[in-house]
Structures are given as structure tokens and as C-alpha cells.
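In case you want the letters, here they are:
There are 2 protein chains.
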Amino acid sequence: MDKITVIKVGGKIVEEKESLDNLLDRFAAIEGYKILIHGGGRSATRIAEKLGIESRMIDGRRVTDEATLQVVTMVYGGLVNKNIVAGLQARGVNALGLTGADANVLQAHKRPVKEVDWGFVGDIDKADGAMLERLIKQGIIPIMAPLTHDGKGNLLNTNADTIAAETAKGLATYFDVTLTYCFEHPGVMRNPEDSTSVIKLIDSNIYKELLADGTISGGMIPKIDNAFNALKGGVSKVIITKADAIESEQGTHIIL
Amino acid sequence: MDKITVIKVGGKIVEEKESLDNLLDRFAAIEGYKILIHGGGRSATRIAEKLGIESRMIDGRRVTDEATLQVVTMVYGGLVNKNIVAGLQARGVNALGLTGADANVLQAHKRPVKEVDWGFVGDIDKADGAMLERLIKQGIIPIMAPLTHDGKGNLLNTNADTIAAETAKGLATYFDVTLTYCFEHPGVMRNPEDSTSVIKLIDSNIYKELLADGTISGGMIPKIDNAFNALKGGVSKVIITKADAIESEQGTHIIL
Chain A
1119 MDKITVIKVG GKIVEEKESL DNLLDRFAAI EGYKILIHGG GRSATRIAEK
1169 LGIESRMIDG RRVTDEATLQ VVTMVYGGLV NKNIVAGLQA RGVNALGLTG
1219 ADANVLQAHK RPVKEVDWGF VGDIDKADGA MLERLIKQGI IPIMAPLTHD
1269 GKGNLLNTNA DTIAAETAKG LATYFDVTLT YCFEHPGVMR NPEDSTSVIK
1319 LIDSNIYKEL LADGTISGGM IPKIDNAFNA LKGGVSKVII TKADAIESEQ
1369 GTHIIL
Chain B
1119 MDKITVIKVG GKIVEEKESL DNLLDRFAAI EGYKILIHGG GRSATRIAEK
1169 LGIESRMIDG RRVTDEATLQ VVTMVYGGLV NKNIVAGLQA RGVNALGLTG
1219 ADANVLQAHK RPVKEVDWGF VGDIDKADGA MLERLIKQGI IPIMAPLTHD
1269 GKGNLLNTNA DTIAAETAKG LATYFDVTLT YCFEHPGVMR NPEDSTSVIK
1319 LIDSNIYKEL LADGTISGGM IPKIDNAFNA LKGGVSKVII TKADAIESEQ
1369 GTHIIL
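Chains as they are written, first to last, in our numbering: chain A, 1119 to 1374; chain B, 1119 to 1374.
These are computed hints drawn from the structure, not numbers from a lab.
Predicted model, so just to flag it, every value in this text is computed and none were measured.
Any given hint might turn out to be false.
As the list makes no split between identical chains, a pair holds if one copy fits it or if it spans any two.
Stated by the list, open to error - Computed list of lysine-lysine pairs in DSSO-like fashion (alpha-carbon distance at most 27 Å, straight line):
| # | residue 1 | residue 2 |
| --- | --- | --- |
| 1 | K1255 | K1152 |
| 2 | K1130 | K1270 |
| 3 | K1232 | K1244 |
| 4 | K1270 | K1152 |
| 5 | K1168 | K1135 |
| 6 | K1135 | K1355 |
| 7 | K1255 | K1244 |
| 8 | K1135 | K1228 |
| 9 | K1350 | K1270 |
Work out the full structure, taking the sequences as your base and the hints as a guide.
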């Protein structure tokens, strides 16, 4: 089975020119089949503000009303995605930008309203691994923006970590998949102040312990839940690491 | 040789919900292979204004400085393109949005500075008909935004009529191509006030006469020049018509 590397990179890295250039250099250097999923970043908030659209956040997550959906469609699907694509083309990578609506690669539904109405936010039903595999095997490198659609004409703002996990699962039928989550630290750390305290390996049992003793908390929990979800869906390997280490497989390895 | 229909539609039609819905219904109804190229429209000017970016126009055409390029990348590549894609998916059309940078389908160069510095505006070198043909033959319907790239990492604002002509030429190696330019009138008219005065057929000789007597002037000239350029590049048929007539082949037919 052919190997593929699925890289997820946060919005913060792709919205600053220097860190973006660095990431694109490193992504271009990865050999073999590959795919990049990028987050949105703060530029959507900044642009929404200038357009007089209020950004409403609950627990650090964005509520996506109709005006906000237009902004994230512009910023994530247009500005961020197309600049990555053009930057990779300049590096000889035949990149192709995709939202979930493009070629219907990510089908989702609007998150049902419970305590909170998140607005136009998508929960993914299915990634079309077969379509992605056909594109990839003809030499195309997909670059995925954090947007899906509901098949009824609505785009939906969607968490990029989840898109990465679902896409990796969709590809696992066709490839031996390594999924790498890049963030600002060199891995999951015992002590966030000490970059040498990276935990090299986390399995279900170690995860339970790290949750119980509070080493893992906050935003790291959904990330690791996504990692386990991907592994259960057939992904071979999940790594959490820093953007400048994506070629090395250093960082925290997650296994079942 | 398989037939393909290349439809170019102006920005005005795609930025208003009612005319966009109507266009998408009609585009979805076209049988066989097809591809849509859309313009940008006025929304870029409106959004630029709100962001405090001045739109500089010369002879009705936009000068694209760096800030304006960001806006058109957001609006054309993100907002307009992705809404068309999602709208077509809802109609069962497996649409895929593309700028020229995506899969490197349209290679261009920055327009050289002569009397006017147009800024980040692209003149097209080549449309990759082979790549488009592969996508189309696997059931994908490309939806092209009016943006190209220079292969050095820069996106370029590019005239949609020209993209349509160059794309149609690129496809002519693989398909029997009909290129349809949609605009607000039912065709090229002898009398712009009289919708029954559509000129049914224009060839090179008739074109010279219509230019000489002033029937054809202004923005219609580059459109018809694009039509002749496409025909010389192997396109079988060029039609200029109203958006609600794209299935009928009514309107003005251009032949060599």
C-alpha cells in the first residue's frame, strides 16, 4: 500500500508570511503522496471587525452567523487557501485548493442547536476518500480549507483538526496514512514551560493517566480525541509536533 | 470527439442571489461535459471600500495593488466561487472551484508596465487543457474564478472573458468546444434599445463593417476579439447571449 502524509497546520502558522514560507518549504520537501489541511486563524476576526461584523466567541470558539460565514468563506476559502496554493506552485508542488464543497469531498450537516446555537458550523458525515485518491494519484496535492457543505447549498465553518482526522480516515482505505498535527510546541509536553519534556508516546492507557493528573487539558483534549478517532478509522500513525519538524516524525506519537 | 460547453458569466449575474440561482438552475440543466467561468463583480469594490481600500479604476478597469489583490482573492476565489460550487452541488452537479493556481491550470505573467501600471493583473500564457480534460472526464465540473498566477507565488487578477477564451482553446485539443459568453442582452444588437435587433451571425467581414459603422463599440470589442481568438485556437462555436438562454444556443453566433 502506498504511503501518504496528511499534515494539519493551524491558522496562526499560515497567516504570518515568515512562518507560512517556512511551512511551505518543509511541506514541499516531504517525499511521496501528501495532503495539507489548514486552519483559519485570526485574520477572519480582524477582517470581520473592519467590515463591522461582530465576532461572537463561546469558550474560544466562533459562532458563525450568516455574515461571519461570508467572512470565513472569503478568508479561509479565498485568501488563505489560494495563497498557500500559489506559494506551493512556486515550489514545484502541484497544489489544488479544496473546500468540502469542491468535488463534494467533505459532506457535513449543520450542527444541531442544543445549549448553544453555533450557527453555520459543520459536523462531518463523510470524507470522499475515493475522489481524493483519484486526484492524488494523478499528481495533485490537495490543500484543504476549514469549510464543508451540507449538500443543500450552504457552506459550513468546520474545525480543521476534525477535517484532518476525517480526511485521514477516508484515505486509509487507499493508503498507509500518517497524520501529523502541527502546532506551536514540539509535542505534547509534561511541563509546558520545558520543551525537552515532550511525551514520546501516548496510548489509550497513558492518555487516561495524563487526563487524570491534569497534564492534558483544554484544547489538547479534542486534538487527541481526533487522533484516536483517526487511528480507530484505520490511520496507521498520528504524530503531534511543531511545524518545523514535519519531515522528521519527531514529536508525540499517538497509538491505540 | 466529445462535445463540451464552456459558459462564461459576468460578475453582476453571480453576485445577486436571484440571478445566480437562475443561472445555476440553467447551468445544471446543460447536458454533457461543461465548465463555468465567472467574473468578479462589484462586491469586491464594496468590500474594499468597507476595508478602507481605495478602488482605482482607469477606463472602467481596476488597478490591482497589493491590498486590492487580497480583496479580489477573497471575493472572487472565496466568496463568489465557493457559493457557486456549493449551489451547484445542491443541484447534483459535481462542481470544483479553481483559480489558475489550482493544479496550475492557468499560467500567466504580470502585465508589463507601459503607460499604465495595472499592478497584479495577469496576461495568460497557457491553459492546461490536458489537466482540465482529466478532471472533466472523471465527472468533475470545473468552476473557474477570474484569478491566475505567475508560478512565482503571486496570484493575478485576470479578465474572465480572456480566461474563458484561453480555457476554451486549451480544451479544443480534446473536445468539440462551444464557448458561450453570457451578458445582460440577448446577443449583439443593431439597436441596444431593441431586443429584437439581435445580429444572428458575425464573421470577420461583418465584424469589420459593424466596427466601421459604430454598431460595435466599447466593451463589446474585446469580447468579440476574444471570440475570434478562441475560434482561431480551434474552438468550434462561439455564442454571445443572455444568461437565461444558455441551453438554447440562441443569440449571436461568431464564426471565422
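Quick rundown of the hints versus the structure:
For the identical chains of this complex, K1255 and K1152 are neighbours both inside a copy (10 Å) and across copies (23 Å), given an alpha-carbon limit of 27 Å. Proximity of K1130 and K1270 under a CA criterion of 27 Å is satisfied inter-copy only: 23 Å between copies versus 31 Å inside one chain copy. In this homomeric assembly, K1232 and K1244 come within 27 Å of each other (Cα to Cα) only inside a single copy, at 22 Å, whereas the closest approach across copies is 51 Å. Proximity of K1270 and K1152 under a CA criterion of 27 Å is satisfied inter-copy only: 21 Å between copies versus 30 Å inside one chain copy.
Taking the shortest Cα distances, K1168 and K1135 sit within 27 Å of each other both inside one copy (21 Å) and across copies (24 Å). Proximity of K1135 to K1355 under the C-alpha cut-off of 27 Å is found in neither arrangement, the shortest distances being 30 Å within a copy and 45 Å between copies. Both within a single protomer and between protomers do K1255 and K1244 lie at most 27 Å apart by alpha-carbon distance, with minima of 20 Å and 24 Å respectively. For a Cα distance limit of 27 Å, the shortest separation of K1135 from K1228 across copies, 21 Å, qualifies, whereas the shortest one inside one copy, 33 Å, does not.
Taking CA atoms no more than 27 Å apart as the test, K1350 paired with K1270 passes in neither setting, with 30 Å inside one copy and 41 Å between copies.
Violated hints for the displayed structure, listed by number in ascending order: 6, 9.
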